[in-house]
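My request is simple: use the sequences and hints to build the entire structure.
First to last, the sequence lines map onto chains A and B. When we follow this note's numbering, the leftmost residue of the first sequence carries the number 1, and every step to the right adds one. When we follow this note's numbering, the leftmost residue of the second sequence carries the number 1, and every step to the right adds one.
Nothing false has been slipped in among the hints.
Computed list of lysine to any residue pairs in SDA-like fashion (alpha-carbon distance at most 20 angstroms, straight line):
hint	chain 1	residue 1	chain 2	residue 2
1	A	K84	B	P53
2	A	K84	B	D65
3	A	K84	A	W96
Okay, the calculated bits of chain B under chain A, using three or more residues with CB under 8 angstroms as the criterion:
hint	region
4	70-77
5	88-99
Keep in mind that the hints were calculated from the coordinates and are not lab data. The model shown is predicted, which means the values in this text are computed figures rather than measured ones. Idealized CB from N, CA, C, for every residue including glycine.
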Amino acid sequence: MSAWASQLRTEVALASRQGEQLLVSLGIPLLVLVFFSLVDVVPVPTERAVDYVAPATLALAVMSTSMVSLGIGTGFERQYGVLKRLGASPLGTGRWVAAKTTLVVLTEVVQLAVLTGVAFALGWRPPMAGWLPALAGLALGTLAFAGIGLLIAGTLPGLVTLAVTNGLYLVLLLTGGMIVPVDELPGPMAAVSRVLPAAPLVEITTGSLTPDASVAPWAWITLTLWAAAAPLAAVRWFRWE
Amino acid sequence: MVVEVRDLVIRYGDLVAVDGVSFSARAGAVTVILGPNGAGKTSTVEHLEGFRPAAAGRSRILGMDPVLDHRHLVRRVGIMLQEGGIQPAIRPREVLRQYAGFFDDPLDVDELLDSVGLAHRSTTTVRRLSGGERQRLSLALALVGRPEVVLLDEPTAGIDLEGRELIRSTLSDLRREGTGVLVTTHDLDEAERIADHVVVVDGGRVVAEGSLGELTGERSTTLWFRCHDPVDLEALGAALGAPARTVGSGTHVVDGPADPQQIARLGAWLAEQGLTATEIRAGGSRLEDVYRDLTGGGNDRSAS
Numbered sequence: 001m002s003a004w005a006s007q008l009r010t011e012v013a014l015a016s017r018q019g020e021q022l023l024v025s026l027g028i029p030l031l032v033l034v035f036f037s038l039v040d041v042v043p044v045p046t047e048r049a050v051d052y053v054a055p056a057t058l059a060l061a062v063m064s065t066s067m068v069s070l071g072i073g074t075g076f077e078r079q080y081g082v083l084k085r086l087g088a089s090p091l092g093t094g095r096w097v098a099a100k101t102t103l104v105v106l107t108e109v110v111q112l113a114v115l116t117g118v119a120f121a122l123g124w125r126p127p128m129a130g131w132l133p134a135l136a137g138l139a140l141g142t143l144a145f146a147g148i149g150l151l152i153a154g155t156l157p158g159l160v161t162l163a164v165t166n167g168l169y170l171v172l173l174l175t176g177g178m179i180v181p182v183d184e185l186p187g188p189m190a191a192v193s194r195v196l197p198a199a200p201l202v203e204i205t206t207g208s209l210t211p212d213a214s215v216a217p218w219a220w221i222t223l224t225l226w227a228a229a230a231p232l233a234a235v236r237w238f239r240w241e
Numbered sequence: 001m002v003v004e005v006r007d008l009v010i011r012y013g014d015l016v017a018v019d020g021v022s023f024s025a026r027a028g029a030v031t032v033i034l035g036p037n038g039a040g041k042t043s044t045v046e047h048l049e050g051f052r053p054a055a056a057g058r059s060r061i062l063g064m065d066p067v068l069d070h071r072h073l074v075r076r077v078g079i080m081l082q083e084g085g086i087q088p089a090i091r092p093r094e095v096l097r098q099y100a101g102f103f104d105d106p107l108d109v110d111e112l113l114d115s116v117g118l119a120h121r122s123t124t125t126v127r128r129l130s131g132g133e134r135q136r137l138s139l140a141l142a143l144v145g146r147p148e149v150v151l152l153d154e155p156t157a158g159i160d161l162e163g164r165e166l167i168r169s170t171l172s173d174l175r176r177e178g179t180g181v182l183v184t185t186h187d188l189d190e191a192e193r194i195a196d197h198v199v200v201v202d203g204g205r206v207v208a209e210g211s212l213g214e215l216t217g218e219r220s221t222t223l224w225f226r227c228h229d230p231v232d233l234e235a236l237g238a239a240l241g242a243p244a245r246t247v248g249s250g251t252h253v254v255d256g257p258a259d260p261q262q263i264a265r266l267g268a269w270l271a272e273q274g275l276t277a278t279e280i281r282a283g284g285s286r287l288e289d290v291y292r293d294l295t296g297g298g299n300d301r302s303a304s
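Spelled out as structure tokens, the structure:
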């Protein structure tokens, strides 16, 4: 078995054993999807709530996995000296990054399958042509959020990473259009939100996967910048111990 | 020599942790770096592990540079960190299989678990293992890739007697198989039991290096005795024709030849004075005495 596969097997075993990780990556997005699709409390721009909430939840799922789960997991590994010990093994940084990336992608595939399935059951019928840009957006979002998660995990102690990442998650969940559309926020708050990575990702998924909607160009520009800058910053400042 | 360190200097900002250390370690032998905490042991080992760059000096493991050739050395060198390095949520068998997967020809995981006495704990999460069990798991991780050199930082620190014996016997096996073993410790007893070669460090410098015999033999011209009653050292020195001094509470030294005649004279003088010596020893001093002399460590035998 290759070193990458051996590392990945361990990552999968540990991730699937941690209940709080499953809660963040699947439990919360599912809850948001079902609750806000059935209870008509959010002022969505679409006729039915599910048409906005379903694609927004896909963005939420990506943020949960690539920023929160990856960040917190890596932060504690760094604190426990796991990364240092791996650094003295033949695994190597490249294969470690590859194993972590594979874990994130595998988790996201499961999340997207489950969430899309449930959304379909709730009556969601997105236009087929929207999937390509939506998946491209989700990939950019993964890069941006993974960069942010690893930047936090690689510079702050484990418990602080836990607090900061969860705090950021909550702020972006509320202000990034993942439940309440950004247009409904007070002007200055919406302006700030559009510069952060959550709102452009939601703009891309909702704009692509809603019939007769489109994606505003600013969303692609902002998200691409984040997807480039955040991983570079993580590479620059990440400390292994 | 599998490890060679020459004039190594390691700095953390203004702090000089290692200040010109030189020593070497050979294959098929256990080399112990002995010294109190803060002596620079961990910095030296972590440099050899590739984690700390040298500010000056030159070191080689298996002929390679520990920092620059790190990615080649990781296949041939096994390490044990002073603490941590293993996920609390993982199980011994899982983490050993993980590391075994990084090597082309690893040891058999189950045999290895058995050899470090963890076969019955192979599916218990690490967070529920005792300190000694974790140390043994960490040792197993160091060995899984059949290393030619192992670097162990305080492997027996804070672990029970049974665990210590298991680690000692493992080190003996490694020595017999021709592996180069470099161990740090602040524990004299441990050093005395396992070392073929001792490097005594203090304040970032090597204060003595040699085999146990060489280190303790250097002081064989000295006569040592312990007596808990007050001793008139001047009178003793006059009677024996050699200067006498106190080196610790109740421990005294007579410099000069420690031959049988001198021992007899010391015994006679003590009897004359009505004093009882609890121990008289000529030459062959214990490492403890040498260590105290060299590091000025006083009674603090295992500063922790």
